[in-house]
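Novice: Kindly produce the complete structure, drawing on both the sequences and the hints.
Number of protein chains: 2
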Amino acid sequence: MSVQRDADAAIPNQAPADTPSNTPAGAPADAPRPRGRLLGLGVGPGDPELITVKALRLLKAAPVVAYFVAKGKKGNAFSIIEAHLHDAQIHLPLVYPVTTEALEPPLSYEAIIADFYDSIAHVLAGHLDAGRDVAVICEGDPFFYGSYMYLHDRLAPRFHAEVVPGVCAMLGGAAVLGAPLVYRNQTLSVLSGVLPEAELKRRLADADAAVIMKLGRNFDKVRRVLDELGLARRALYVERATMANQRIVPLADVDPMASPYFSLLVVPGEKWQG
Amino acid sequence: MSVQRDADAAIPNQAPADTPSNTPAGAPADAPRPRGRLLGLGVGPGDPELITVKALRLLKAAPVVAYFVAKGKKGNAFSIIEAHLHDAQIHLPLVYPVTTEALEPPLSYEAIIADFYDSIAHVLAGHLDAGRDVAVICEGDPFFYGSYMYLHDRLAPRFHAEVVPGVCAMLGGAAVLGAPLVYRNQTLSVLSGVLPEAELKRRLADADAAVIMKLGRNFDKVRRVLDELGLARRALYVERATMANQRIVPLADVDPMASPYFSLLVVPGEKWQG
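Chains as they are written, first to last, in this note's numbering: chain A, 1 to 274; chain B, 1 to 274.
Accuracy of the hints is not assured; some may be wrong.
If several chains are the same, the list does not tell them apart, and a pair holds so long as it fits within one copy or across any two.
Quick list of in silico lysine to aspartate or glutamate cross-link-like pairs, DMTMM-like style, CA-CA up to 20 Å [what the hints assert, rightly or not]: (1) K221 <-> E197; (2) K271 <-> E162; (3) K271 <-> D153; (4) K60 <-> E82; (5) K71 <-> D115; (6) K271 <-> E110; (7) K60 <-> E49; (8) K271 <-> D115; (9) K221 <-> D255; (10) K73 <-> E239; (11) K74 <-> D118.
Rather than coming from a laboratory, the hints here were simulated on the basis of the structure.
Specialist: Okay, here's the thing in structure tokens:
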């Protein structure tokens with residue numbers, strides 16, 4: 001054991017001097033080599049300038065930069081940070097094995113995606129064990145419907161993990177729509193367009209203000225519910241808010257067959273005349 | 001009329017060359033002098049590094065910088081951006097005339113605060129009419145329970161207004177708590193601790209994940225509701241998340257008489273084992 005420990009100690013710390021690695025409090029006493037940190041970096045809703053100063057600093061200093069991407073795509077997250085990457089970094093695209101949850105049996109989205117996260121976590125753990133910090137790039141905010149969460153849940157118990165919050169898509173949307181979202185003591189409900197129609201209706205009827213995400217092929221259902229509740233006049237729609245190809249379209253003019261995943265609806269709270 | 005127009009045109013544009021002002025589409029044809037832009041800048045939850053690159057750029061370039069502050073206080077928003085201010089800028093503290101909503105009749109919080117926003121809007125309009133951009137500094141995000149919203153509602157109909165979204169307090173809180181907030185198609189409810197106990201209970205019982213803001217003297221009531229719903233084991237509490245004096249305290253140990261306004265509770269969604 002002591003021989004092994006000495007051998008480990010002789011391996012130089014591979015983390016650059018400007019990215020100190022913290023050893024978590026729970027690390028075993030016989031692991032003297034500093035391990036890398038897992039960094040979940042929120043990079044904002046799309047406009048590359050909406051990254052925070054902190055995320056930018058940690059991104060530039062990270063020896064390994066990982067980002068989720070759909071098969072055959074460049075990826076929005078990658079586009080946001082591309083200009084800041086440099087050749088000395090290891091770039092690690094994390095390519096989703098499936099892009100839709102609708103699969104024919106015996107295929108199961110849940111099983112395939114769980115295997116995918118397991119295998120990514122294994123790869124990242126290798127870098128962390130070798131003393132390299134790993135920055136996982138997250139569109140919007142890492143803990144707000146972000147794929148990073150599944151890596152965090154797998155790795156945070158074993159490694160030092162730090163999350164840098166980001167500007168989430170719904171606030172990027174409210175900003176470009178010029179729509180103050182919630183006043184004073186109003187309640188905000190953030191809903192997924194995937195929800196069943198009856199549940200969407202019940203929750204929207206009870207909300208002071210609401211944001212509906214994950215529209216895509218759910219758009220038609222959501223618009224119908226807004227119409228039925230008399231909320232259509234207050235609802236505002238935007239595609240790819242703050243991105244270069246952003247589109248703001250009146251609700252009635254949206255083509256339900258062409259609404260992209262990165263679209264959202266905002267129902268702002270009633271203005272307070274204070 | 002034409003004499004007046006010529007006289008106006010002879011007044012030099014007072015906006016610095018590096019901060020071009022946009023004339024709104026609806027500006028009258030006889031107002032050739034470019035007017036300033038109203039900029040609502042989200043500067044994040046407290047850590048000065050959690051400002052976005054865009055907000056920082058616009059802040060540095062703005063000839064007038066306004067920020068809300070309580071009487072006799074320096075102000076959190078000011079602390080976040082203080083290091084970036086320079087002497088060539090006009091600094092405009094907007095001092096709240098009252099700090100509590102509980103006033104003795106005939107005083108009315110609503111009336112006093114409405115007068116306050118009216119008079120500030122008048123001052124800012126003066127700068128905008130003179131061609132100076134005005135940056136209003138907003139802790140967190142401008143459209144997420146921000147005082148900026150009341151200025152926006154008053155001034156956006158008359159001036160070009162642009163909002164730069166920011167990292168909101170609840171995402172700063174989730175990040176420092178290491179708490180993934182919402183998975184997949186979970187619903188997030190953002191609630192004010194000011195709500196009546198029965199309404200809080202009803203809404204929390206129906207939420208997949210929740211954030212409760214504006215705790216302060218409402219803390220005891222909120223904790224009781226969490227206890228009754230069996231949510232106390234999932235709830236996480238933080239004061240002044242991401243600020244230098246941040247405190248994370250187990251729910252049971254919070255002193256209800258000492259919970260500050262800038263504290264919040266997070267009830268994360270149940271983990272998805274994908």
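Novice: The structure should be examined with respect to each hint, and the outcome stated for every one.
Specialist: Here is what the structure says about each hint:
no., hint, in the structure
1, K221 <-> E197, "within (7 Å within a copy, 34 Å between copies)"
2, K271 <-> E162, "between (37 Å within a copy, 18 Å between copies)"
3, K271 <-> D153, "between (39 Å within a copy, 8 Å between copies)"
4, K60 <-> E82, "within (11 Å within a copy, 25 Å between copies)"
5, K71 <-> D115, "within (16 Å within a copy, 56 Å between copies)"
6, K271 <-> E110, "between (42 Å within a copy, 14 Å between copies)"
7, K60 <-> E49, "both (15 Å within a copy, 15 Å between copies)"
8, K271 <-> D115, "between (47 Å within a copy, 16 Å between copies)"
9, K221 <-> D255, "within (12 Å within a copy, 46 Å between copies)"
10, K73 <-> E239, "within (18 Å within a copy, 41 Å between copies)"
11, K74 <-> D118, "neither (23 Å within a copy, 48 Å between copies)"
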